[in-house]
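Please construct the entire structure, taking both the sequences and the accompanying hints into account.
Listed in order, the protein sequences are those of chains G and X. Reminder that position 521 of the first sequence reads as 521 in full-length UniProt numbering, one-by-one numbering, no gaps. Reminder that position 60 of the second sequence reads as 60 in full-length UniProt numbering, one-by-one numbering, no gaps.
Hints in this document: simulated from the structure, not taken from any laboratory. All figures in this text were calculated on a predicted structure; none of them were measured in a lab. Where a beta carbon is used, it is the ideal one built from N, C-alpha and C, also for glycine. Heads up, a few of these hints could be off.
Claimed, not checked - To give a feel for the contact side, a few chain G residues facing chain X, derived at Cβ under 7 Å:
| id | residue |
| --- | --- |
| 1 | Glu151 |
| 2 | Thr210 |
| 3 | Pro223 |
| 4 | Met353 |
| 5 | Met637 |
| 6 | Ile673 |
| 7 | Glu674 |
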Amino acid sequence: MKTSKQNISRRNFIKLSGLTGAAFTLGFYFPANAKEAKIIKADDASVLNVELNAWISIDTSGKVTIINHRSEMGQGSFQSVPQIIAEELEVDMNDINIVFAQGSQTKYGSQITGGSSTIRGSYQRLLKLSASAREMLIESAARQWKVEKTECYAERGHVIHKPSGKKLHYGALVEEASKLQPPAQVELKRPSDYKIIRKPLPRQDTPLKTNGTAIFGLDKKIPGMLYAVVERNPRFLGKVKSFDDAAAKAVPGVKHVIPVKMRVFSHDREGVAVVADNLWSAMQGRKALKVVWDDNGFEHHSTEQLYAKMNESFSTGKALSFKTKGDAGAAYATASKKLEAVYETPYESHSCMEPLNCIAHFKDNKLEIWGPIQGPDWVQKDVADLMGLKADDVTVNMTFLGGGFGRKAFLDYPHEAAVISKAINAPVQVVWSREDDMTQGPFRPGMVYQCRGVLDGTRMSSFETKVAGQNMGHQNPGANKKSYNSSITEGFLETYLDSIPNYSFSDVPLESPIPVMWWRSVYSSTNGFAFESFIDELAVAAAMDPLAFRRQHLWNGRYHDLINKLEEVSGWKSRSKNAGFGVAITECFNSIVGEVVKVSKATDGKIKIDKIWAVMDCGWYVNPDIVKAQVEGSIVMAHGAAVKHATHFKDGMAVERNFDSYKMSRINEIPEIEVHIMDNEEKAGGVGEPALPPFTAALTNAIFDLTGKRIRKVPFSLDQV
Amino acid sequence: MASITLKINNKEVSVDVDPKMPLLWVLRDVAGLTGTKYGCGISQCGACTVHLDGNPMRSCILPVSAAANKSITTIEGLSDDNSHPVQQAWITEQVPQCGYCQSGQIMAAAALIKRIPQPTDKDIDSAMQGHICRCGTYTRIRKAIKTASLISTQKASKG
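See the structure below:
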């Protein structure tokens, strides 16, 4: 006889996961100070008073429900997470129902969809959890049949007794299985035995995205919801001096015009919100609004000033040293065969296709949020702090995200929605226009790299990099601005360092009011260009083939396997003299990606990209088609940042306001992309981001190969090489 | 405010709105058809593409008054069961990632293969280069349009 407490707990799980009737629920929790998650039944979780992390529930009809505690922003978690579970649980993909988790740090641990972590951060736990559930179902069938468990196996949602052919559906076993304890250990399948993992199964969210039924943040509506748009100070850190709302209030449908603020790192961004009963009226009201800004001295910031400051800082600023060996400075000073190059990369807007938006309903000192959110647990905690609430009083609901790329992990827009809802005492959806989205930031920081290298014969004997640019971590309240940026080697193949006797990596942080944050692949997105361009320049100086030059410095066989594959698939050895071939290899979020770009001259003399080959070594992976899609997408995003768009600043404001000036890559500019995935025994690495960093250098190295012209500043126009 | 009669997905709908309100917001916020997306508001990204009398049209800059008495088709009206050849091809080739721009892409592609049943790469470039996909699904869109062309040819030959 179970206690009532246990029954309540099960009912709660059933309610949360939308299941009917009795259910068998298995999840994991993190015991205090433990490194490994522990598998536990829902009932026992309530007895031990611990909260379960992600879990699997099976109901009496055999339907499996899993909670996806990560966002779905295009990277395929809605497919790859159930594919992992179906494999070890031995169920059909069709029998799995996946639901979004609400944001809760205590329940799910980290939920941030960032760092390409959805699979690599949880696959081992998910495999173990699913295998444990399967073993408990087999055990309960064996008990019912009074046979040896070893004579039974599971297949497609059934347990089968091999000698007799007897068969029981999982649904018929859930009640018995709930009474068992999870096995202490389970044996996981070998990848060669996988039936579902490693298969290019179609994504379950695809049909929703081809008929308009997928609900993104902007599509979400809740009863009584009003719409808000906000006129924010276009200058970073600027304030509202005064505003005249008479004309705005005269627009039919406009209900409120109120001052509003949202938190951007250590500062509050100020603006004036126009709230109406429909979005169009709110937009018209905003146009009629007159605001006088206090620009606070920030009207003088410009791109020219920022880059001049960064370039000067290599000689005048204090470099914070991150990683050194030997004496790179002395090696450079005394060397005969040496090279110096400076590389420049731009600020960038994330420009997700779905502009920022968020619904908030503040009522009775509780807050509920709905939106396209990458880090629901962060939003829960941070917005609670800012609103003076307890985290438990803030509920964060996720929708599909129309792109994220790091931007939708920020708390500004949920905070702004919460502030407005509280002020007007009604549920409200804040909608950012494309112009708001593109000009307000946070942006990817522009960086400048000063690289110095020394060759000893054909080998690198010294490698020195100074990086100038904003340190994202320095923006947080109370940040130690004397701390170095430990991300400045991201993207670099650190294995190189074992063969280089002298090296030094340091940064000279730039102070600027421009808010900056992660952009797909973060610092690797700019580091990759500098490091892999400079390695190429050293290879040329050493008069060596760029692939062979890289290979001789890398001792680890994993890199050689990748280089060999890249050499083979791209036809590197037999490349024609009329074409330019360039290579770059970077490492990001535990995955290594090598890319080769082929360029040639079109009949009009302009450079065109003919083809791109990519080899992805992400170790263990789930769905090869999703991996390929992520590689293709990363390359296209890198293409845009290399040859199409950048955010500039003038008079303290972002210049590019929409896609007419922030030019995106278009279908006619993207050539064939051929993707290969390495099969090996390595642990899972990231998939969503690591193919972005090598592209730009592979392209500019190819252009050098064709034309002898070295491009050290991006973006550049292919038409003007 | 004015009362305007629209024919959306073969149904007559009467709306009482500002005649200057772009069709996009009427579809999304008045008619409740949220499959059509807002991306830029200045006709640069294609996310808001619908068919007006069979032709692809950017609904973000089209005043609703200009759509009166014309036949409007949105993604919801292309087919309700993903049976349109372009939708089928999009699923076969696994085109969408985040999916936000795909309604517009699909509407443009459907208009293209209706106009040119077997489009060349050049035809695809000129019909689709007004559409931005930030996830970078372009190579799959190209492939899917060719697949859609095959599917619709097969459907036509089956009668």
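Original post:
Once the shortest beta carbon distance from G/Met637 to chain X is found, is it less than 7 Å?
Top reply: Holds, about 6 Å.
Original post:
Should the hint that G/Met353 touches chain X count as held when the rule is a Cβ pair under 7 Å?
Top reply: At 4 Å from the nearest chain X Cβ, G/Met353 passes the 7 Å test, so the hint holds.
Subject >> Hinted contact G/Thr210 with chain X - closest CB pair below 7 Å >> reply: holds, 5 Å
Subject >> Status of the G/Glu674 interface restraint (C-beta, 7 Å, chain X) >> reply: violated, 10 Å
Subject >> Restraint satisfaction for G/Ile673 [CB to CB of chain X, less than 7 Å] >> reply: Holds: closest Cβ of chain X sits about 5 Å from G/Ile673, inside 7 Å.
**OP:** Please verify that hint: G/Pro223, Cβ, nearest Cβ of chain X, below 7 Å or not.
**Re:** At about 14 Å, which exceeds the 7 Å cut-off, the nearest Cβ of chain X leaves the hint on G/Pro223 violated.
**OP:** Verify the interface restraint on G/Glu151: the C-beta must sit less than 7 Å from at least one C-beta of chain X.
**Re:** violated, 40 Å
When held up to the earlier numbered hints, the structure conflicts with 1, 3 and 7 and fits the remainder.
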